[in-house]
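Residues per chain, in single letters:
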Amino acid sequence: MAEGAGEEKKKFSIWDLPDVPMGQLLPHLELQRSRVSCNKDAPIHTESIQYSGAYASMGINNSSRLDRFSNNFRVEVVRLNEDDMEFDMIGIDAAIANSFRRILIAELPTMAIEKVFIANNTSIIQDEVLAHRLGLVPIHVDPRLFYYLSENDQPNEKNTIVFKLHVQCKRGSPRITVKSDALKWLPNGSELVKETRNAASDSSSKPETYTYFSCSQETIPEFVKNLIIPKYPDIIIAKLGPGREIELEAHAVKGIGKTHAKWSPVATAWYRMLPEVVLLEDIEDDLAEELKSKCPVNVFDIEDLGKGEEQL
Amino acid sequence: MEHGSFTDNSAATFSLTDEDHTIANAVRFTLNQDPRVTFCGYSIPHPSEARVNIRVQTTGDPAREVLKDACQNLMLMCRHVRSTFDKAVEDFRASNAVKAMKIDSQDSSGDDSEESE
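Residue numbers (the working numbering), protein chains in the order written: chain Y, 1 to 312; chain U, 1001 to 1117.
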């Protein structure tokens, strides 16, 4: 302390400051550029610094070239089941990941029931409610095998799937529940006959129906072994009391989620940033065991320091 | 549709119909990565109308060329993502199949070791 009082106070001059390192970001700036930090009240640094000239004064080229992206980009699949999937994308920006998510939800085509021709509905469920529920039933078929149906097209075997539902509950029998396995696939097209204006038309010609199938869909190779059925056979469509009947024909066409959510192929899709946990101080021994057991997802792992101490 | 000055090619606003944030944000990201761009952004004039305005200002190059290059880059990026993803799924499926076989053989050898102990 005595020496401190004897020293002269150094004059502060800006020429003495260390040079800003050119060509490499300072560590706090690198942290700001590449990580989103979760503070107590809100996350900070959420907007990614995309502008190519952002660090120009330090001589760093922030523009990401395609070759650098191709080298650094990795995909790791965590989980892959028939119905769901989770994977990590490392080296991609949130803008592109969000575009993928939006496309998954809204712009992938599937098949769903669009037009319902109701011949007889004496149940308590209204026609339009029944049609709405039928539209939401997912169908187990590959939409890439079908074409889109526009207004000028005629419904044929390349763009329509026809289902039939005919259920009735006899008088005196208990209430029955109509589940989605009651939908039967008609590979030969519609069976409902269109009413034509001139009754004097040829009675020998085939009656006109609502679809114009030139060949049975069963002959298409993909459908020979796999019948087209709803994906889940136990979706409740309606309930019938005694003496009620439902007879209808449903036509399914190809569409995308933007038009109506029934055509969205995913239940939902979401993304989040990969979390990185940085421990601010070394944790050893018993505290380490306690911390590891507290985490429900087993994020922590203990490595032995070799001296009998355990470090997290 | 493009609104720009006839004399100055380097700044222009492109109005895309039937588009939304999906493509606009991705194009804005790739535009930003281009060192020739001084300013770029997108806006949606009204949410009920499917229209996006993308504004590009460059350091002298014609704005439409820069936009075209950005779209091309985006396409190449997506292509690369697709191939990497396909490969990752294949590897995952293959390693899962191997794991299933390993677990089967481990079970049978584990029984043997238990008996010997």
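Just so you know, the hints here were simulated from the structure itself, not pulled from any lab data. For clarity, every value in this text was computed on a predicted model and none was experimentally measured. Glycine is no exception: its CB is placed at the ideal position from the N, C-alpha and C atoms. Take these hints with a grain of salt, some might be off.
Unchecked claim - The calculated label-pair distances, taken between Cβ atoms and stated as ranges, are:
1. U:Gln1072 with Y:Met273: 26 to 34 angstroms
2. Y:His132 with U:Lys1102: 47 to 55 angstroms
3. Y:Ile124 with U:Asp1020: 22 to 30 angstroms
4. Y:Tyr271 with U:Asp1091: 27 to 35 angstroms
5. Y:Ile124 with U:Val1098: 51 to 59 angstroms
6. U:Cys1071 with Y:Asn72: 16 to 24 angstroms
As the list claims (entries may be wrong) - Derived lysine-lysine pairs resembling DSS-like cross-links, with alpha carbons at most 30 angstroms apart:
7. Y:Lys115 with Y:Lys294
8. Y:Lys294 with Y:Lys239
9. Y:Lys164 with Y:Lys258
10. U:Lys1068 with Y:Lys231
11. Y:Lys170 with Y:Lys258
12. Y:Lys258 with U:Lys1068
Hints, verified against the model:
In this structure, Gln1072 (chain U) and Met273 (chain Y) meet the distance hint of 26 to 34 angstroms, their C-beta atoms being roughly 28 angstroms apart. Hint check: His132 (chain Y) to Lys1102 (chain U), Cβ distance near 49 angstroms, so the stated range 47 to 55 angstroms holds. Take Ile124 (chain Y) and Asp1020 (chain U): their Cβ atoms lie about 40 angstroms apart, and the range 22 to 30 angstroms is violated. Hint check: Tyr271 (chain Y) to Asp1091 (chain U), Cβ distance near 21 angstroms, so the stated range 27 to 35 angstroms is violated.
Take Ile124 (chain Y) and Val1098 (chain U): their Cβ atoms lie about 56 angstroms apart, and the range 51 to 59 angstroms holds. Taking the beta carbon of each, Cys1071 (chain U) and Asn72 (chain Y) are about 22 angstroms apart, inside 16 to 24 angstroms as hinted. Only pairs whose Cα atoms come within 30 angstroms are accepted, and Lys115 (chain Y) paired with Lys294 (chain Y) is rejected, the gap being roughly 54 angstroms. The straight-line distance between the Cα atoms of Lys294 (chain Y) and Lys239 (chain Y) is roughly 48 angstroms, outside the 30 angstroms bound, and the hint therefore fails.
Pair hint Lys164 (chain Y) plus Lys258 (chain Y) holds up; C-alpha atoms about 27 angstroms apart against a cutoff of 30 angstroms. A hinted pair counts as satisfied when its Cα atoms are at most 30 angstroms apart, and Lys1068 (chain U) with Lys231 (chain Y) does not qualify at roughly 42 angstroms. Only pairs whose Cα atoms come within 30 angstroms are accepted, and Lys170 (chain Y) paired with Lys258 (chain Y) is rejected, the gap being roughly 42 angstroms. Between Lys258 (chain Y) and Lys1068 (chain U) the alpha-carbon distance is near 26 angstroms, which keeps this suggested pair within the 30 angstroms criterion.
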